[in-house]
Structures are given as structure tokens and as C-alpha cells.
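> Okay, here's what each chain looks like letter by letter:
2 protein chains.
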Amino acid sequence: MPLDLSSSAPDFAARFRDLLNAKREMSEDVDAAVARIIADVKQRGDAAVIDYTNRFDRLGLERPEQLRITADEIEAAVAGVGPDLLAAIDLAATRIESFHARQMPMDDHYTDAAGVRLGLRWTSVSAAGLYVPGGTAAYPSSVLMNALPAKVAGVPRIVMVVPTPGGTLNPAVMAAAKRAGVTDILRIGGAQAVAALAHGTGTIAPVDKIVGPGNAYVAAAKRQVFGLVGIDSIAGPSEILVVADGANDPAWIAADLLSQAEHDESAQSILLTDDNAFADAVLAAIEQLLERLPRAATARKSWDEHGAVIRLRSLDEAPALVEAVAPEHLELALDDPDAMANRIRHAGAIFLGRNTPEAIGDYVAGPNHVLPTARTARFSSGLSVFDFLKRTTLVGCDAEALRAIGPAAVTLARAEGLDAHGLSVAIRLGSTN
Amino acid sequence: MPLDLSSSAPDFAARFRDLLNAKREMSEDVDAAVARIIADVKQRGDAAVIDYTNRFDRLGLERPEQLRITADEIEAAVAGVGPDLLAAIDLAATRIESFHARQMPMDDHYTDAAGVRLGLRWTSVSAAGLYVPGGTAAYPSSVLMNALPAKVAGVPRIVMVVPTPGGTLNPAVMAAAKRAGVTDILRIGGAQAVAALAHGTGTIAPVDKIVGPGNAYVAAAKRQVFGLVGIDSIAGPSEILVVADGANDPAWIAADLLSQAEHDESAQSILLTDDNAFADAVLAAIEQLLERLPRAATARKSWDEHGAVIRLRSLDEAPALVEAVAPEHLELALDDPDAMANRIRHAGAIFLGRNTPEAIGDYVAGPNHVLPTARTARFSSGLSVFDFLKRTTLVGCDAEALRAIGPAAVTLARAEGLDAHGLSVAIRLGSTN
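So the protein sequences, as listed, match chains S and V.
In this text, residue positions in the first sequence follow the working numbering: the first is 33, and each later residue adds one.
In this text, residue positions in the second sequence follow the working numbering: the first is 33, and each later residue adds one.
Worth flagging that the hints you see were computed from the coordinates, not collected in a lab.
Hints may contain errors.
Which copy is meant is left open, because identical chains are indistinguishable; a pair holds if it fits in one copy or across any two.
[Said to hold, decoys possible] Listed next, the in silico EDC-like pairs over lysine to aspartate or glutamate satisfying Cα-Cα at most 20 Å (straight line):
{"#": "1", "residue 1": "55", "residue 2": "296"}
{"#": "2", "residue 1": "74", "residue 2": "50"}
{"#": "3", "residue 1": "333", "residue 2": "297"}
{"#": "4", "residue 1": "210", "residue 2": "448"}
{"#": "5", "residue 1": "333", "residue 2": "50"}
{"#": "6", "residue 1": "333", "residue 2": "368"}
{"#": "7", "residue 1": "74", "residue 2": "277"}
{"#": "8", "residue 1": "55", "residue 2": "319"}
{"#": "9", "residue 1": "55", "residue 2": "306"}
{"#": "10", "residue 1": "55", "residue 2": "36"}
{"#": "11", "residue 1": "74", "residue 2": "336"}
{"#": "12", "residue 1": "333", "residue 2": "323"}
{"#": "13", "residue 1": "74", "residue 2": "94"}
{"#": "14", "residue 1": "74", "residue 2": "97"}
{"#": "15", "residue 1": "333", "residue 2": "97"}
Pulled out of the complex, with its shape left as it was, chain S reads as follows (with noise of 0.2 Å):
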């Protein structure tokens, strides 16, 4: 039974402090593994991928020239894919580029009243690695969220590792790859992936930035080699909190709240309502739903174990909560979402109103999919272009400049007591000592 709260229990506080406190995840530590693995690749490049590959997956790789997924596996596998399914992942790929290119920055050059030029300036990485899982958890909307960020940004060389067990490509994925502007793809997995990405090897270069979900390995892979290049965040299970009023069809709500369920039995569910009747014909729909979903099983333990309905005496209450909780997925299916929306600073993303279920952002609404879980979206951000940005920053004095702000300077230095730092300045002023 998912827990069942009222905002006006004696107890409330307590007990939802205990649910925002609650661990959902087991970590597996597979640390020392993954680290042999990571040291081994770095050792003995490709010979070492392609003997774990062989091993985990199940092939019988001999050059590393193998490694690579050709363009005419690539091709093929495309060519099984129903017209429906291109289409829809070219409507998805559109958006979502659409979307990220109106997130690109500026630079910005300029000269200040002292005579200084200053600029910022964006660029963005040389190189950028995608992992895909394999297997049942391998999506094409995953590929399109994690690349094309990347191609907007202006990445030139995309690097996507997908592992094959038993050597069966996924024709979806290859399809989202094709369409989101991948440029290599390796049938590689697991640590020994991650290690090959960062490090490179004889035929792989590394690159600068590691994106995309994963297992424990891959997880704990990209938290090893970070510092070497950057990652994305680790991603925690899926959440969604609904804020609804009794004005909704119970079973939307329901379907809702079930589409996150579904992904993981770690996946957590939340609804806010003001209205107990609304509250108790979700829960009866959410039992019927199970009946006939293909995934009721994981749904089914997510919901009991994880899931939340909240009673709430009044909407006002939801701000708050909501803000507590800095869900990655927020769903308002109120009448004025907006005037709600507007009092909630710290949500991954938003869906506004009874007509935008949370599932319409997985795959073509634009915005990423990528979210921050686990409360982090207080301060951190969905997957966008600006994870394959850096900024340089520039500054130009010319000798009438530095006259007018070195000697401030000079005066911080030698406060600091870094005298060398004074000097550096002082020196082009004509005042050495």
C-alpha cells in the first residue's frame, strides 16, 4: 500500500519528513571491479575491450577494427524499422533540437569605462561519449536526449557506446543514433567502455565529456574517471509529484502517476490533492490500471513501496511540500498551472495543466528528458546544451587601462602577501618596488 497522508494529521511533519528522507536505491559497490577494469583498458587499450566485450557479451571480436558498428550494420538495422516509429522519432528529434538550439549563449565582448576589454566566450567540448545500455533498457527517446544537446552545441565528433549482447543491434536505437547525428558507434559496454571513452585507446580517442544512464558499473565507472572528463550527473530513480484538484478524470491521473512507477521498482509516485474524494477514486483506478499494464509487477512495487497520496486541506499547501521535495517531474493538472508554477522554484521540470501528462516530456515535447532526481533539482539542472559548453573568459588592458585598475590590485596583492603578483602589475606601471 503506497503511504496515505493528510497535511492535517497531528503527525504530518514527522512522517513526511520521513518520506523525503527515505533511500530508495541500493547502491551495489562494484568499486574495486570497476577499477581493475578501468586499469586494465588504460594498460591494454583495445586487446583489454575487446576481451571484456568478447566475455560480457558474448562475441568473438578479433580486430579492433570490429569494434566499430559499421554503416552498413547500421543501415540494416534502420531498414527494420516501421515508417510510424521513423516518423515519430524524427517529430521527437526535431522538437528537441528546436528546444536546446534556443538555449544556446551568446558571447559577449565589450569595453568597460576604464579603457578594459573584457569578453565571454562559449565553445564547446572537442568530443562527447554517450552511453546506451543494452538489452531491454536500450530507448531511442534515451539517444535523442543525450545527443542532440551535444550536436547543437556544436560538438564535432559524437561517440556512442552501445553493448550487443549476443551481437543483436537494437534497430530503434541505431535509428535515434542515425537521426541525433552520432559520428561512431562502438559495440562496447560496461566499465570497459567508460575506461576506453576517457582514456582512449589505439582506435578510440577519448573524449572530453561522458553523458548518458547506465548500470552500477557504468555508474560507478563515470564517477572514477571524472576529473579526467566531465560526466553528467548520476541519475537516481524517477520521480513524478502530481499537484491535482478533484476537477481531473481520475484514471489521467492514475496513468500518471503509473508511468513513472512502471520504469523501476525504485521509481517513486506522489500525489497532492485537496480533495479526498479525487484521492480515493485515484487509488481505485490506479488498481484497475494494474490490472492490464504489461509492467504491472515493477509498477505494482514501486507504487506500494514508494508511492504517496497526500491530503491536503488546501492547494496553498502544495508549494511548500513541493519545494521540499524539488521533484524531478512535476505534473500540475490544475485549471491555472501557471499561477502554481510560479510559486515552485526547485523542479526538474514542469507540466502545465490536465492535458500535459509527464510521458508527453519523455519523447516529443522538446525539453530534455535528462532530470535531476533525488532533491538535487534544488541546484542542479536537466540535461541541455550547456553540459557541452565551457567559457573562456578574456581580458584585454592596454598600458592606460592597467594604470587605471593595476594599482588596486597592487594594494590586494600585497595585502595577500603575494608579492609576485604585485610585482607582475607593478612592473608595467614603472613602479617595481
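With chain S's structure known, arrange chain V on it following the hints.
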């Protein structure tokens, strides 16, 4: 002796690679001690913080309220700062605020051709924690560079922690904190301060993001609380790379190289020049300056162990070498520095021309002096308002917009085997099978 390489030497590529890969930093393993302190602060709160502070900083605090440095104490400390230094702090602060204010991104709200409302909204974190080291490394410039981006980003609560060994406040640090708009100052440091900021105590409300430099304990504590709160990047030793032609005054360039070297024995200064006689003159000037610099012992050790002079056949060789280093600080002491800057993508900050010593950027230029070290400028950036902001995306469909893009979402959801996702869209389109 610093490394002295010629790009025309037959073993240049290998020796340059060794220079890139040399580890300059010994990292002390303090993880276990730090984990114990964090667990203690999490459990015992203020009492633990008081115990550690009394022990490590030789204080006699008895009550949690005493952890806070009072407005009267701050005023008394600031009264001891001379007018020149106060004016220099104010000039630096004003210029840093101006530069960072121009970074503030705009929200974006629009309705696209399919009738979908889309938005990208920026909001600040609710509270930021700023670590300031005690003792000799307490730099007012560091307070300005870390606090002002948070203030410009609109962070309502900025909590500074600074250890006060023996009870002594650093007047210039207090003056900088006051000028920067820090809202709370606590006389605590070390892992216990980071733990208090991340977990909160009875008297210290938790923050969402922790920034600022610190020793090995502070760095380890920041790594351990990462995820619960955001952190800035953990900075490595400082670096400068100077590209200079023979028309420069050798003493100016020598001072610039030493201004990095004096920071830290692990700092690195590299000169690239196409003029052999100039390289020799810089080497000689460094020896002369080292005879009269107060921090000569540190600077000499850094220069001898990590410094390098690279003699080029032509300055055209510089961009590729600079990009491989991806230096924190890049000085282009050339007649046309902009042309060279345009050929280099990977650098934290670029200083243009003969009259722009790097130290001007440490204090008063306006851009941030917290910059990516250890080749991470390939994928990361200096501190900015973006470190204190996060993005929320917004999507709003009405029934018609959902009819336009919903069917593609259903197609993708079904292809991915996520039927509840598909259902949550299909049920609103009136097609639930």
C-alpha cells in the same frame, strides 16, 4: 631547473606528453577521518561543531549562538582595514559584480507551431555556503570571487564559514564579506563546517550549494556531501601558460611566471616562445627576481620542479600545444593576441596583450579567478552566476496540442515497452487501447 624543451627536438612529442601527464599534487587520504566528523555533526549537530572548533581552533565556545560572528565583531574588524585596501576591495567588488551581472541568462517562454507552450526558467538556489580558509590562505579576493556570483544570481542566503584559529578574525576578509553581501558568518572550518552547511544543525540551516577553496579535509568533505548538496569543482594547483614573442620585456614575463609559482610548490608556470634569446633572458630574469621575493622558496620549488620553457620554431605551433595543456590561465603577450585567442578553444581565462598580467584577473579585472585546473578547461568553466542558478523546463499542452504531438509519443512509448507511458497520453486522446 625547469624543463627546457625545443619543439624541434626529436623526442619533443614524448617529452611534452610527459609534461602533460605529470602529477603535481599529492592527495592526502583523509577520507575516513572526514567521514567520522561528518557522521558526528549529522548526529550531534551544534554540539559536535563546537567540540571540533574548540579543539582544532583553540576556542572556548560554550553555546551554539557563539558560532556566529556578530555584526559588532565584523564592524570592529573592518574598522582596522586601511582606506586604500577598503577602496581596492570596493573597486574589485564593483568590477566583479558588473562582469557577472552580464552573465545572467534570460528566461524563455513561447508557444510553438504545434500550439505547445514551452519554457525555460532560471532560478537561484535558496542558500549557498562559502568556505574560506583561515590563517595565511585567507584571501579577501577569494571571498569576493566566491560570494559575488551568488549575490548577483539572487541567492537570498549566503553563509560564510571561516575558521578563526586562536580567535583572530582577518580584517580584510571581514571587509570583503561585508562588501559582498554575505548574510551570515560562522567561525567554523574544516570538515565540520562543510558537514554543518550540508546537513544543517540546530542553529545552522542547511544550504543547497557549497563553494570555496580549502585543504585536503575540506576537499574530502565536499566530495562526501556532494549529491546532498551541490559543490563547485575541487581545484588543483594553479597554472599559467604564457605565449610570448621576443618583443616583450623579459622581466615582465618573468614576474608573471613567478606570480603563479609563488602560490604553491605544486603550481605550474610554462612559457612558450619562438625566440631563443628571449627564453634565455626570461630564465635569467627569474633568477634575479627570486633573489628579492618574500615567497621565493615556494616559487623556486614550483619553478624548478614543474616549470617549463618550450622553444618553438614558430608561434604557429602554439595553439595545438596550448589546447593540449588547456591551461587555467593563458597569457598571450603578443602584438595581435586576439588572432591567437581565436585559434585556442580550451583555456579557463585568456589575458590579451603585453599589458595584461594574469594577476589583474586575480583581483580587479571582473571575471572570476576560480578557474578550471589540471586540463579540465577542456570540459569545464570558471565560477559564475551559473553555479548558483538552475533551470526548470516547462511544457503545457491543451487538447489540440496534445492531438498534434501525442500520437508520436504513444508510438515511441510502445516501441520502448513502456505501456503506462503510452496510456497516459492515449487516455487523453480518447484511445485507450
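> Each hint should be assessed against the structure and marked as holding or not.
Against the structure, the hints come out as follows:
{"no.": "1", "hint": "55 <-> 296", "verdict": "within (14 Å within a copy, 42 Å between copies)"}
{"no.": "2", "hint": "74 <-> 50", "verdict": "between (44 Å within a copy, 16 Å between copies)"}
{"no.": "3", "hint": "333 <-> 297", "verdict": "within (6 Å within a copy, 56 Å between copies)"}
{"no.": "4", "hint": "210 <-> 448", "verdict": "between (55 Å within a copy, 18 Å between copies)"}
{"no.": "5", "hint": "333 <-> 50", "verdict": "within (19 Å within a copy, 54 Å between copies)"}
{"no.": "6", "hint": "333 <-> 368", "verdict": "neither (33 Å within a copy, 65 Å between copies)"}
{"no.": "7", "hint": "74 <-> 277", "verdict": "neither (56 Å within a copy, 38 Å between copies)"}
{"no.": "8", "hint": "55 <-> 319", "verdict": "neither (25 Å within a copy, 59 Å between copies)"}
{"no.": "9", "hint": "55 <-> 306", "verdict": "neither (27 Å within a copy, 59 Å between copies)"}
{"no.": "10", "hint": "55 <-> 36", "verdict": "within (18 Å within a copy, 55 Å between copies)"}
{"no.": "11", "hint": "74 <-> 336", "verdict": "neither (44 Å within a copy, 30 Å between copies)"}
{"no.": "12", "hint": "333 <-> 323", "verdict": "within (13 Å within a copy, 72 Å between copies)"}
{"no.": "13", "hint": "74 <-> 94", "verdict": "within (19 Å within a copy, 53 Å between copies)"}
{"no.": "14", "hint": "74 <-> 97", "verdict": "within (18 Å within a copy, 52 Å between copies)"}
{"no.": "15", "hint": "333 <-> 97", "verdict": "neither (44 Å within a copy, 46 Å between copies)"}
Comparing the model with each earlier hint shows violations of hints 6, 7, 8, 9, 11, 15; every other hint is respected.
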